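Undergrad: One line per chain: the protein sequences are A and B, in this order.
In the numbering used here, each residue's number is its place in the first sequence (first place is 1) plus 165.
In the numbering used here, each residue's number is its place in the second sequence (first place is 1) plus 104.
Worth flagging that the hints you see were computed from the coordinates, not collected in a lab.
All values reported here derive from a predicted model rather than from experimental measurement.
Where hints are given, some of them may not hold.
[Said to hold, decoys possible] Think about it this way: if two alpha-carbon atoms lie no more than 16 angstroms apart in a straight line, the pair counts; the simulated EDC-like pairs of lysine to aspartate or glutamate are:
(1) B:152 to B:235
(2) A:253 to A:211
(3) B:216 to B:169
(4) B:152 to A:195
(5) A:253 to A:210
(6) B:167 to B:200
(7) A:273 to A:197
(8) A:229 to A:202
(9) A:227 to A:195
(10) A:273 to B:235
(11) A:273 to B:149
(12) B:216 to B:244
(13) B:152 to A:289
(14) A:278 to A:235
(15) A:296 to B:169
(16) A:296 to B:200
(17) A:296 to B:149
[Unchecked claim] Which chain B residues face chain A? A few, computed with CB under 10 angstroms, are given here:
(18) 144
(19) 149
(20) 235
[Stated by the list, open to error] Derived Cβ-Cβ restraints for the label pairs, each shown as a range:
(21) B:193 to A:261: 38 to 44 angstroms
(22) B:222 to A:264: 44 to 50 angstroms
(23) B:210 to A:264: 19 to 25 angstroms
(24) B:196 to A:181: 47 to 53 angstroms
(25) B:135 to A:254: 41 to 47 angstroms
(26) A:170 to B:241: 55 to 61 angstroms
(27) A:253 to B:222: 43 to 49 angstroms
(28) B:207 to A:230: 32 to 38 angstroms
(29) A:202 to B:211: 26 to 32 angstroms
(30) A:229 to B:196: 53 to 59 angstroms
(31) B:130 to A:244: 38 to 44 angstroms
(32) A:232 to B:207: 43 to 49 angstroms
(33) A:211 to B:178: 38 to 44 angstroms
(34) B:207 to A:237: 17 to 23 angstroms
Glycine included, each C-beta is placed from N, C-alpha and C at the ideal position.
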Amino acid sequence: MDMTPMIDVVFLMIIFFMIVSDMSQQDLAELELPLAEQAVDDETEEGRMIVNILPDGHIEIKQKAYGNLDEPGALAALRGYLAAEVRKGEKDPGTTFSSRSLLVRADKTTKFKEVQKVMRICGETGIQIYKVHLAAAQNEQ
Amino acid sequence: MARKKAEIEEVDLDLTPMIDVVFLLLIFFIVTMKFKVLEGKLETELPKDVGVNSSPVDELLEKIEIDIQPDKSRPHGIKVLVNGRTMPNFETFRGELGRWKKLGDAAGTVTKATLYPSSTINYEQVVKVVDQCLISQLTDITFAGVAFDK
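Make the full structure from the sequences, and use the hints.
TA: Next comes the structure, spelled out in structure tokens:
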């Protein structure tokens, strides 16, 4: 049996999947984002942090669960993560504010108070991230 | 003695292990792949009025307080109040924001909106309100703080 055409097709399929599967999306939890008319293209910046907030208020960063922010452990873990990331990056010239940005990705059904808790941590001394962007789905053109 | 004829040995290439591996790779990519979703962001920023590098307080500041309360009888399930006045719909809301923005621009002041979402308001409802602010060219938006549950 001549296997050559089958092997050709299978290799082509592998190449296709390797190209279309975007490994950079590993940071993005599966969430249903709300639609926003004014949402701009999300261009990946270097050192940008992503915090995913699930519908039940649980935090997920880089596929790692941090728990709910009402739990003191989760709060400390998120604080520690953000502070460590901020230390790796630069500050805005002449200020103590981090020049790195943070993308908050929350499900459309997540309570906004959970997002506010993340924002509150962002404002704390030693973290001070002010570029906090809200993820939203864009209209299909 | 007759010279032995050189025999041409036929070599069979066993493709089975390669096909196995290739199929495993194919299955891996099919299972793990996610198509790129059309995802964007609202470029909001937190105020820099904490810590030692506080931004100077704008003396001339047009402040708009936007309350977002749950109301299932209204579009998107929310009631929006601008400085205490209930907005019947998003069109009126945008008009009101535009009016404040024009007043601020004419007076040379900064128009700043602070959002006060009720604790039961969800992310989608806030994004809708922020979206309306941005459509009205109101970009200076802050969020009221929230306490951590004990």
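Undergrad: Starting from residue 296 of chain A, check that the Cα of residue 200 of chain B is at most 16 angstroms away, please.
TA: Violated, at about 27 angstroms.
Undergrad: Regarding residue 210 of chain B and residue 264 of chain A, is the given constraint of 19 to 25 angstroms on their beta-carbon distance met?
TA: At 34 angstroms between Cβs, range violated.
Undergrad: Hint says 47 to 53 angstroms; check whether the CB-CB distance for residue 196 of chain B and residue 181 of chain A agrees.
TA: Once the Cβ atoms are compared, 50 angstroms apart, the range 47 to 53 angstroms for residue 181 of chain A and residue 196 of chain B holds.
Undergrad: Hint says 55 to 61 angstroms; check whether the CB-CB distance for residue 170 of chain A and residue 241 of chain B agrees.
TA: Since the Cβ atoms of residue 170 of chain A and residue 241 of chain B sit about 60 angstroms apart, the hinted range of 55 to 61 angstroms holds.
Undergrad: When you check the alpha-carbon spacing of residue 273 of chain A and residue 197 of chain A, does it fall within 16 angstroms?
TA: 6 angstroms, holds
Undergrad: Taking 41 to 47 angstroms as the hint, is the beta-carbon distance of residue 135 of chain B and residue 254 of chain A inside that range?
TA: 35 angstroms, violated
Undergrad: Is the hinted pair residue 253 of chain A and residue 210 of chain A satisfied, with a Cα-Cα distance of at most 16 angstroms?
TA: Judged against 16 angstroms, a Cα distance of about 15 angstroms means the pair holds.
Undergrad: Note whether the CB distance of residue 202 of chain A and residue 211 of chain B lies within 26 to 32 angstroms or breaks it.
TA: 28 angstroms, holds
Undergrad: Taken at face value, is the distance from the CA of residue 149 of chain B to the CA of residue 296 of chain A at most 16 angstroms?
TA: 5 angstroms, holds
Undergrad: Please verify whether residue 253 of chain A and residue 211 of chain A have alpha carbons no more than 16 angstroms apart.
TA: 12 angstroms, holds
Undergrad: Need the status of pair residue 167 of chain B, residue 200 of chain B: alpha-carbon distance at most 16 angstroms?
TA: Holds - the C-alpha atoms of residue 200 of chain B and residue 167 of chain B are around 13 angstroms apart, at most 16 angstroms.
Undergrad: Against the range 38 to 44 angstroms, how does the distance between the Cβ atoms of residue 211 of chain A and residue 178 of chain B compare: consistent or not?
TA: With Cβ atoms ~42 angstroms apart, the hint holds.
The earlier numbered hints that this structure contradicts are 1, 4, 8, 11, 15, 16, 22, 23, 25, 27, 28, 30, 34.
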